[in-house]
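S.K.: So the sequences go chain by chain: A and B. Each residue of the first sequence is one higher than the one before, starting from 1 at the first, in UniProt numbering. Each residue of the second sequence is one higher than the one before, starting from 1 at the first, in UniProt numbering.
The hints are simulated quantities; they were obtained by calculation from the structure and are not laboratory data. Using N, Cα and C, we set each Cβ at its ideal position, and we do this for glycine too. Some hints could be false.
To be verified - Chain B is faced by these chain A residues, among others (derived, beta-carbon under 7 Å):
hint, residue
1, A79
2, Q80
3, R85
4, F93
5, E100
6, M104
7, D109
8, R110
9, A114
Claimed, not checked - Straight line, CA to CA, 20 Å or less: simulated DMTMM-like cross-link-like pairs of lysine to aspartate or glutamate:
hint, chain 1, residue 1, chain 2, residue 2
10, B, K242, A, D124
11, A, K53, B, D252
12, A, K195, A, D172
13, B, K387, A, E147
14, A, K108, B, E265
15, A, K89, B, E254
16, B, K242, A, D172
17, A, K215, A, E227
18, A, K195, A, E165
19, A, K108, B, E254
20, B, K242, A, E129
21, A, K195, A, D133
22, B, K242, A, E165
23, A, K53, A, E173
24, A, K77, B, E265
25, A, K77, A, D48
26, A, K53, B, E254
27, B, K242, A, E95
28, A, K89, B, D252
29, B, K383, A, E95
30, A, K53, B, E265
31, A, K215, A, E173
32, B, K242, A, D109
33, A, K215, A, D205
34, A, K66, A, E165
35, A, K77, B, E254
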Amino acid sequence: MSTLLEVSGVTVSFDGFRAINNLSFQIADAELRAVIGPNGAGKTTFMDIVTGKTRPDEGHILWGDKSISLIGMSEAKIAQAGIGRKFQKPTVFEEQTVQENLMMALRKDRAPLAVLFFKPSKTDFACVEELADQIGLADAFLRVSGELSHGQKQWLEIGMLLAQEPQLLLVDEPAAGMTPAEREKTTAILVDAAKTRAVVVVEHDMEFVRRLNCKVTVLHEGAVLAEGSLDHVTKNQDVIDVYLGR
Amino acid sequence: MNRSFIARNPSVLIFLAILALFTLGVTVLSEGFGIGLISTSFVKVLGKTLCLCLIAIAMDLIWGYTGILSLGHFAFFGLGGYMLGMWLMYERTRQIVVNSLSDGVLPPTPEEVTTGIGNQIFGVVGSSDFPLIWTFADSLVLQLAFVVLVPGILALVFGWLAFRSRVTGVYLSILTQAMTLGLSLYLFQNASGLRGNNGLSGLQNLPGITAPQSVVSLWFFWASALVLGLGYLLVAWIVSGKFGSVIRGIRDNEARVRFLGYSVETYKLAVFTLTACISGIAGALYYPQAGIINPAEVAPIASIYLAVWVAIGGRGRLYGAVIGTAFVSLVSSWFTGGQAPDVPLGFYTVKWVDWWLVLLGLCFVLVTLYAPNGIGGLIDLLKRKRKETDA
Numbered sequence: 001m002s003t004l005l006e007v008s009g010v011t012v013s014f015d016g017f018r019a020i021n022n023l024s025f026q027i028a029d030a031e032l033r034a035v036i037g038p039n040g041a042g043k044t045t046f047m048d049i050v051t052g053k054t055r056p057d058e059g060h061i062l063w064g065d066k067s068i069s070l071i072g073m074s075e076a077k078i079a080q081a082g083i084g085r086k087f088q089k090p091t092v093f094e095e096q097t098v099q100e101n102l103m104m105a106l107r108k109d110r111a112p113l114a115v116l117f118f119k120p121s122k123t124d125f126a127c128v129e130e131l132a133d134q135i136g137l138a139d140a141f142l143r144v145s146g147e148l149s150h151g152q153k154q155w156l157e158i159g160m161l162l163a164q165e166p167q168l169l170l171v172d173e174p175a176a177g178m179t180p181a182e183r184e185k186t187t188a189i190l191v192d193a194a195k196t197r198a199v200v201v202v203e204h205d206m207e208f209v210r211r212l213n214c215k216v217t218v219l220h221e222g223a224v225l226a227e228g229s230l231d232h233v234t235k236n237q238d239v240i241d242v243y244l245g246r
Numbered sequence: 001m002n003r004s005f006i007a008r009n010p011s012v013l014i015f016l017a018i019l020a021l022f023t024l025g026v027t028v029l030s031e032g033f034g035i036g037l038i039s040t041s042f043v044k045v046l047g048k049t050l051c052l053c054l055i056a057i058a059m060d061l062i063w064g065y066t067g068i069l070s071l072g073h074f075a076f077f078g079l080g081g082y083m084l085g086m087w088l089m090y091e092r093t094r095q096i097v098v099n100s101l102s103d104g105v106l107p108p109t110p111e112e113v114t115t116g117i118g119n120q121i122f123g124v125v126g127s128s129d130f131p132l133i134w135t136f137a138d139s140l141v142l143q144l145a146f147v148v149l150v151p152g153i154l155a156l157v158f159g160w161l162a163f164r165s166r167v168t169g170v171y172l173s174i175l176t177q178a179m180t181l182g183l184s185l186y187l188f189q190n191a192s193g194l195r196g197n198n199g200l201s202g203l204q205n206l207p208g209i210t211a212p213q214s215v216v217s218l219w220f221f222w223a224s225a226l227v228l229g230l231g232y233l234l235v236a237w238i239v240s241g242k243f244g245s246v247i248r249g250i251r252d253n254e255a256r257v258r259f260l261g262y263s264v265e266t267y268k269l270a271v272f273t274l275t276a277c278i279s280g281i282a283g284a285l286y287y288p289q290a291g292i293i294n295p296a297e298v299a300p301i302a303s304i305y306l307a308v309w310v311a312i313g314g315r316g317r318l319y320g321a322v323i324g325t326a327f328v329s330l331v332s333s334w335f336t337g338g339q340a341p342d343v344p345l346g347f348y349t350v351k352w353v354d355w356w357l358v359l360l361g362l363c364f365v366l367v368t369l370y371a372p373n374g375i376g377g378l379i380d381l382l383k384r385k386r387k388e389t390d391a
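The whole structure should be built from the sequences, with the hints applied where relevant.
M.R.: Right under this line is the structure:
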């Protein structure tokens with residue numbers, strides 16, 4: 001497997017506080033990875049850096065086969081390059097239907113003029129319907145997304161990410177606030193998605209991470225503390241001290 | 001879903017039909033072409049109202065759909081008015097000067113004509129030289145192009161600077177207020193080349209046209225109705241498709257749109273510039289009906305009124321913007337025109353000329369608090385009621 005994303009020696013400070021401290025991290029094509037860590041470990045900041053929201057003070061972020069540097073690229077450009085992001089809170093466009101939400105996310109030309117004259121083809125409609133089916137929202141296809149339940153909104157957002165056809169999916173606490181049944185479905189969607197692309201899941205919930213059954217990276221104070229299988233990292237004394245022991 | 005745009009938006013057809021009926025009705029009742037029930041001055045009021053509805057549609061596009069509360073769109077409106085006003089004033093003055101000079105034994109030289117026009121136009125600001133910005137005032141085609149280009153370019157430059165720095169929300173609103181205030185103060189100066197506080201006048205007289213005002217007023221009324229219809233159609237089309245999805249997304253959650261891969265700044269700039277161009281056209285149609293334009297027209301308060309109209313009519317629905325603007329501006333001219341009867345309270349007499357603004361302000365507060373969807377929200381309510389009874 002080749003490296004899809006390589007983060008090396010990245011440091012970010014906010015008013016003197018080092019949110020990310022010399023972080024190095026790699027993710028391969030079609031890999032499912034869980035990132036865990038206590039509050040303030042820098043999980044969300046890590047996502048902000050990769051997606052272009054926050055610019056690092058030091059370090060390199062290289063992307064894809066051609067090893068393009070992502071530093072200095074706009075959020076929109078990074079998203080177009082193939083990195084999709086799901087926020088902690090479900091953020092869908094609540095006044096628009098499930099169909100409109102997915103159609104907007106569909107991988108198409110993003111330039112204003114192209115969008116203005118865009119007419120969805122039969123394949124586009126089929127594609128969007130298939131996605132709705134995949135995330136279990138086929139019945140709610142024409143409903144305004146603000147009416148959906150919390151869990152359904154989370155899935156819709158994941159569906160929008162899939163519609164973007166990214167090579168890397170960054171997912172921030174997808175299981176937060178979900179019922180056990182919803183969690184199971186979310187796990188299935190993510191594991192399925194990771195078959196064809198890399199998926200990084202930031203999560204608090206150990207049970208959820210166990211179910212993902214993948215390599216785990218433990219962050220602490222903005223750096224990698226341990227990496228390996230869940231059983232491996234939970235036996236690590238450092239991890240027990242900073243995270244699990246409390 | 002794959003039906004045509006009109007079929008998906010029945011309100012567009014309804015609006016166009018009402019506008020056509022209204023235009024026909026006014027024509028039939030007018031002095032110029034009909035039975036004379038509506039005075040020429042009232043035809044002008046109605047025509048001007050249609051122009052205000054047009055800029056309200058632009059305001060709804062930028063504020064109601066894209067979520068950018070611009071409080072400076074009357075700057076673009078005024079610029080459009082000035083651009084056409086320059087040609088109207090130049091050409092009419094030229095004809096008068098040429099006529100008066102033709103009485104002499106020798107035909108007037110071009111220099112004499114130019115000096116004559118300069119004296120006529122700029123005498124009030126103590127000058128007779130043509131400022132540089134009047135270079136193309138003799139060309140109707142160019143000045144018409146400027147009606148769109150000047151507001152467009154100002155919006156492009158201003159918007160590029162503001163959106164690129166990610167200025168949003170109330171800070172952007174303040175910046176747009178500063179822009180229109182700056183323009184107004186600049187135009188007030190005699191050195192601005194647009195006759196300072198005198199502004200441009202006599203715009204209701206079309207050069208070379210001998211038809212009476214009762215007829216000319218209807219020409220402008222028709223033109224205003226036509227352009228309003230076209231503008232409505234254009235904006236309704238823009239907001240109906242995926243572009244509309246994206247700008248409503250920007251309104252509701254800018255960051256999400258960005259992470260979907262859309263360049264939010266480019267979209268904002270495009271909408272801001274387009275609405276500025278529409279505003280310019282609306283202004284160019286408005287001021288020949290008003291007869292005069294001066295810098296007070298682009299004072300910050302004008303753009304705030306615009307926001308009030310759209311809010312009262314209902315943001316995010318184009319007919320709402322039109323209804324709110326037509327209603328409030330007509331009622332406003334009734335109250336401030338001295339036609340509204342005073343209310344004697346014994347100890348105090350309420351004079352509407354003074355108290356109308358208080359009433360309007362109160363309405364605005366009430367709408368904001370209790371009916372955030374404005375008058376247009378009532379129509380939504382009726383639609384829902386009917387759906388429920390149907391079901």
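S.K.: Would you mind marking each hint as holding or not holding in the structure?
M.R.: Status of the hints after comparison with the structure:
This hint holds: A79 of chain A has a C-beta 4 Å from the nearest C-beta of chain B, less than the 7 Å allowed. For Q80 of chain A, the interface hint holds, the least distance from its beta-carbon to any beta-carbon of chain B being 4 Å, beneath 7 Å. Satisfaction of the interface hint for R85 of chain A is found here, the shortest Cβ-Cβ separation to chain B being roughly 5 Å, below the 7 Å cut-off. Interface restraint check: F93 of chain A against chain B, minimum CB-CB distance 5 Å, threshold 7 Å, status holds.
Among the interface hints, the one on E100 of chain A holds; its C-beta lies about 5 Å from the nearest C-beta in chain B, closer than the 7 Å criterion. At about 5 Å, the closest approach between the beta carbon of M104 of chain A and any beta carbon in chain B falls short of 7 Å, and the interface hint on this residue holds. Taking 7 Å as the C-beta cut-off, the interface hint given for D109 of chain A is violated, the closest approach to chain B being about 10 Å. Satisfaction of the interface hint for R110 of chain A is found here, the shortest Cβ-Cβ separation to chain B being roughly 5 Å, below the 7 Å cut-off.
For A114 of chain A, the shortest C-beta to C-beta distance to chain B is roughly 9 Å, which exceeds 7 Å, and the interface hint is violated. Distance restraint check for K242 of chain B and D124 of chain A: the Cα-Cα separation of roughly 13 Å lies within the 20 Å cut-off, and the hinted pair is therefore satisfied. Restraint check for K53 of chain A and D252 of chain B: the C-alpha separation of about 18 Å stays at or below 20 Å, so the hint holds. This hinted pair checks out: K195 of chain A and D172 of chain A have alpha carbons roughly 19 Å apart, not beyond 20 Å.
Restraint check: the Cα-Cα separation between K387 of chain B and E147 of chain A comes to about 18 Å, which is no more than 20 Å; the hinted pair holds. About 18 Å separates the Cα atoms of K108 of chain A and E265 of chain B, which keeps this hinted pair within 20 Å; it holds. Distance hint between K89 of chain A and E254 of chain B is fulfilled; the C-alpha atoms sit about 15 Å from each other, no more than 20 Å. In summary, the hint linking K242 of chain B to D172 of chain A is not supported, as the alpha carbons are separated by about 27 Å, beyond the 20 Å threshold.
Distance check on the hinted pair: K215 of chain A and E227 of chain A sit about 7 Å apart at the alpha-carbon level, within 20 Å; holds. A distance of roughly 13 Å separates the Cα atoms of K195 of chain A and E165 of chain A; the hinted pair therefore holds under the 20 Å criterion. A C-alpha spacing of about 19 Å is found between K108 of chain A and E254 of chain B, which places the hinted pair at or below 20 Å, so the restraint holds. Note on K242 of chain B and E129 of chain A: the hinted pairing holds, with a Cα-Cα distance of about 17 Å set against a maximum of 20 Å.
The straight-line distance between the Cα atoms of K195 of chain A and D133 of chain A is roughly 18 Å, inside the 20 Å bound, and the hint therefore holds. For the hint pairing K242 of chain B with E165 of chain A, the CA-to-CA distance comes to about 18 Å; that is within 20 Å, so the pair holds. A threshold of 20 Å between alpha carbons decides the hint, and for K53 of chain A with E173 of chain A the separation of about 18 Å falls inside it, so the pair holds. Of the supplied pair hints, the one linking K77 of chain A and E265 of chain B holds, its CA atoms being roughly 12 Å apart against a limit of 20 Å.
Of the pairs offered as hints, the one joining K77 of chain A and D48 of chain A holds, with about 14 Å between alpha carbons and a cut-off of 20 Å not exceeded. Note on K53 of chain A and E254 of chain B: the hinted pairing holds, with a Cα-Cα distance of about 13 Å set against a maximum of 20 Å. For the given pair, K242 of chain B sits about 14 Å from E95 of chain A by alpha-carbon distance, which is consistent with the 20 Å threshold. Taking the CA atoms of K89 of chain A and D252 of chain B, the gap is near 14 Å; set against the 20 Å cutoff, the hint holds.
Restraint check for K383 of chain B and E95 of chain A: the C-alpha separation of about 18 Å stays at or below 20 Å, so the hint holds. With a C-alpha separation of about 15 Å, the suggested pair K53 of chain A and E265 of chain B falls inside the 20 Å cut-off, and the hint holds. Note on K215 of chain A and E173 of chain A: the hinted pairing holds, with a Cα-Cα distance of about 16 Å set against a maximum of 20 Å. A threshold of 20 Å between alpha carbons decides the hint, and for K242 of chain B with D109 of chain A the separation of about 12 Å falls inside it, so the pair holds.
Only pairs whose Cα atoms come within 20 Å are accepted, and K215 of chain A paired with D205 of chain A is accepted, the gap being roughly 15 Å. Taking the CA atoms of K66 of chain A and E165 of chain A, the gap is near 19 Å; set against the 20 Å cutoff, the hint holds. A C-alpha spacing of about 15 Å is found between K77 of chain A and E254 of chain B, which places the hinted pair at or below 20 Å, so the restraint holds.
Comparing the model with each numbered hint stated earlier shows that hints 7, 9, 16 do not hold.
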